[in-house]
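Colleague: These are the residues of each chain, in order.
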Amino acid sequence: MSAPPKFDDLTPVLEGRGATGLEARGRVLRCGLAREAVAGGAADLLARRLELDLMLATDRRADRGVFAIHYLFGDPVADRFVELAVDVPPADARFPSIATISYPASRYEREIRDQLGLTPVGHPDPRPLVRHGFWPEDYHPLRKDAPPPGAWVDDGRPFPFRRVEGDGLYEIPVGPVHAGIIEPGHFRFSADGETIIDMKARLYFTHKGTEKLFEGRRPGDGVELAERIAGDTSVGHPLAYCQAIEALADIEPPPRALHARVILLELERLYNHVTDFGAIVNDTGFAVAQAHAARIREILMRTNARLTGHRLMRGMLRPGGLQRDLEGASALPAAIDRLRADFDELVAICLDNSMLVDRLRGAGRLTRRTALDHGAVGYVARASGIDRDVRRDHPFAAYGGLTFRVPVLETGDVEARAMIRVEEVRESAGLIAQAVEALPGGDFACPLPPLPPGQSAFGLVEGWRGGIIHWVLAGADDRLDRVKIKDPSFVNWRPLTFALLKNIVPDFPLCNKSFNLSYSGNDL
Amino acid sequence: MIGAGGGATGLGAILVEVLQGLLALLLAPGIVGLVRFIKARLQGRRGAPPWQPYRELAKLFGKEMVVSRNASWIFGVAPYVVFASTLAVALLVPMLAAPLPIDRAGDLIVVVYLLLLGTFAIGLAGLDPGSAFGGMGSSRALTIAALAEPTIALAVFALAVPAGSTNLGRIVARAIEDPGGALSPGHLMALAALFIVMLAEAGRLPVDNPATHLELTMIHEAMILEYSGRSLALLEWAAFLKFFVFLSLLANLGLPWGVALNPGASAVLVAAAILIVKVALLAAAVAVLETRLAKLRLFRVPELLSVSFLLALLAITSSFLVE
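The listed protein sequences derive, respectively, from chains A and B.
To convert, note that position 426 of the first sequence is 426 in the numbering used here; the numbers rise steadily by one, no gaps.
To convert, note that position 150 of the second sequence is 150 in the numbering used here; the numbers rise steadily by one, no gaps.
One or more of the hints may lead you astray.
As the list claims (entries may be wrong) - One-sided and incomplete, this derived list gives chain B residues near chain A with beta-carbon spacing under 8 Å:
hint: 1; residue: Gly-44
hint: 2; residue: Arg-45
hint: 3; residue: Leu-205
hint: 4; residue: Pro-206
hint: 5; residue: Asn-209
hint: 6; residue: Ala-211
hint: 7; residue: Leu-214
hint: 8; residue: Thr-217
hint: 9; residue: Leu-293
hint: 10; residue: Arg-297
hint: 11; residue: Phe-299
No wet-lab data here; the hints were simulated from the structure.
Glycine included, every Cβ here is placed at the ideal spot set by N, Cα and C.
Construct the complete structure from the given sequences, taking the supplied hints into account.
Modeller: Put into structure tokens, the structure is as follows:
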């Protein structure tokens with residue numbers, strides 16, 4: 001493990017803003033700021049190239065008499081984080097907005113407004129974001145005293161879509177119910193003939209109250225819930241959750257568990273990337289490639305089932321290590337290598353097809369600038385020239401001791417997003433081989449002590465779709481008080497809108513598939 | 001109309017005509033089922049059996065219709081217009097015997113306009129209920145039709161020049177009498193042009209993907225998205241029939257042997273058997289082609305259709321030069 005990062009450059013800046021309780025623990029610098037100082041403090045950190053990774057609010061009226069807003073900044077070039085906390089008194093439930101200097105903040109602030117009823121002062125966008133369309137405006141589900149949702153019905157008010165008007169322009173409303181079996185989402189296109197000039201995705205039809213369901217659970221009982229946040233990320237999410245709990249309890253799982261976690265996470269990346277590649281080429285009408293991608297995926301899923309007893313590898317992780325030992329992993333590298341070779345052959349066949357490549361190349365281009373502004377993560381960011389990967393930048397599990405390449409492409413089009421996945425499949429196969437070889441014996445879990453009440457911590461994981469964050473606040477009696485989840489989809493949905501501009505309507509499914517974002521993981 | 005008539009007359013000819021219509025109606029769903037079946041097998045899937053489309057039609061005919069409140073009478077009438085015009089084309093295209101008395105009722109110009117009538121009706125029907133997808137599909141389908149239909153006329157004209165008649169029956173009869181002409185460059189180019197147009201007209205890859213569930217990429221499927229029950233069955237059947245008619249036209253213009261020159265019972269039965277084999281082989285070729293192709297970006301479709309138009313133009317020039 002590397003030496004703890006230094007915060008010498010940031011401490012004076014935050015002290016200058018009147019920081020209280022400034023404390024560096026491990027790779028995280030924490031402090032409190034006054035409401036008036038937070039916009040300036042955030043601006044200082046952004047000016048020093050830190051990025052806003054997460055923003056959330058908690059209802060702490062019960063123990064501290066206030067709402068608290070937390071800002072988590074990450075340093076893209078060093079393994080260090082800064083967490084600012086701001087108290088908001090219930091009598092004056094407002095906080096200064098930093099939406100105009102950070103686009104991701106504008107999304108988080110709208111989320112906080114919807115869920116906790118705190119008003120970001122100076123926010124340019126008054127529309128709700130995550131609030132379910134049927135809910136009354138004054139219902140804030142994450143307030144501790146919020147009653148269970150009632151039998152509300154649609155009040156019939158139309159959603160305030162932006163109208164694009166002019167000669168020959170028309171709107172195409174699609175969804176939320178689609179012809180295929182996919183998650184619900186409404187897309188409103190404004191098109192000039194076939195050319196898309198604006199698209200608004202209205203999501204949030206799948207509210208399940210996941211974050212609320214975490215509240216009051218025991219730390220060990222959070223795993224099964226975390227496994228169900230996004231059906232295709234049943235390792236990434238619980239892993240981020242476990243890491244947050246472990247950081248909070250200040251324990252380190254035994255090395256065997258850390259290596260097993262690498263294997264599980266990479267297996268999840270493998271089957272998802274193979275599926276996605278097949279789905280992307282299928283949208284060009286090249287169904288034969290999809291059939292073979294589905295075949296390889298099925299073998300991967302059965303491999304998962306043999307290894308863990310579950311095709312999606314549920315029931316493996318727990319805070320402190322694993323729920324059960326990973327057995328029979330020694331045969332894994334050879335099996336994975338055969339599948340990788342099979343997949344490489346499939347990719348070669350697809351890339352030989354000039355009609356197919358013509359569809360992928362240049363479609364849905366996302367510029368580096370736009371991706372950076374939106375805080376895009378995962379393959380979406382890496383296909384647009386942003387060299388970020390949590391596994392390398394903020395090593396977790398056993399990644400610090402393994403070697404792998406982070407593929408980065410510059411073009412930002414559908415082809416780039418497909419090829420990033422292809423490259424990552426190769427890297428994942430290598431990582432699995434290394435982790436299996438280095439898999440130490442010994443315990444696969446360590447005991448979890450009670451969580452310190454009122455303390456918070458976070459876990460960060462590079463899931464197959466991108467960076468996942470779970471932020472956990474411990475309550476009294478070893479129960480969870482608040483769990484905030486960031487799925488990569490939350491920051492990657494909006495860039496899709498920009499990638500679509502000037503593309504043609506029939507290319508939307510292809511662009512959308514190359515992003516392949518989660519509706520459910522986005523709406524918790 | 002140039003040089004119509006001749007050949008078979010009387011009751012036998014009418015029987016042949018009825019037989020041809022029935023054959024086309026009954027075989028068309030099976031041919032589409034066969035294409036789907038072969039494609040599934042080529043993709044390594046088991047696939048539905050080739051007779052699945054018959055079950056689908058039976059199911060749809062048994063279902064209740066749901067019609068949008070915004071739809072006018074056009075929406076109700078269009079499926080019948082589409083079905084009737086396609087069936088009329090099926091009767092005018094020489095499948096079993098050539099030439100036939102009904103040839104007098106219409107030559108290839110009538111065939112082209114009947115096809116266009118069907119396209120026009122389904123295009124209107126797509127617009128009628130006012131749904132976004134229907135309008136999108138209609139706009140795309142009519143754009144493609146505007147590029148494809150002239151090519152059909154031009155390509156068949158190229159074949160008509162050596163026959164000295166725009167009558168499809170005469171063209172086929174002439175090709176049987178003069179097999180050497182079938183290998184002339186004009187003839188081959190005309191067939192190639194027709195094949196490309198067939199893919200576009202029948203909504204096959206690389207122009208349209210008949211298997212897609214993605215509303216935004218659809219062309220033919222988008223226009224009929226609002227239909228259900230009997231109307232949908234008629235439209236589906238008409239689409240199957242159109243594909244079958246195009247395949248038989250290609251088969252009989254390209255390889256005319258087997259078409260009966262006199263409507264005797266045995267000759268017609270042999271002709272029917274040979275037609276089925278020829279069409280099935282062509283359908284298999286389409287299935288193989290579709291497995292190897294990806295769908296073109298929509299704005300590349302005009303390029304493909306320009307190629308077919310150019311081929312047809314070269315074919316007709318060549319036909320005149322050879323004359």
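Colleague: Failing hints, ascending?
Modeller: The structure conflicts with no hint, since it agrees with every one listed earlier.
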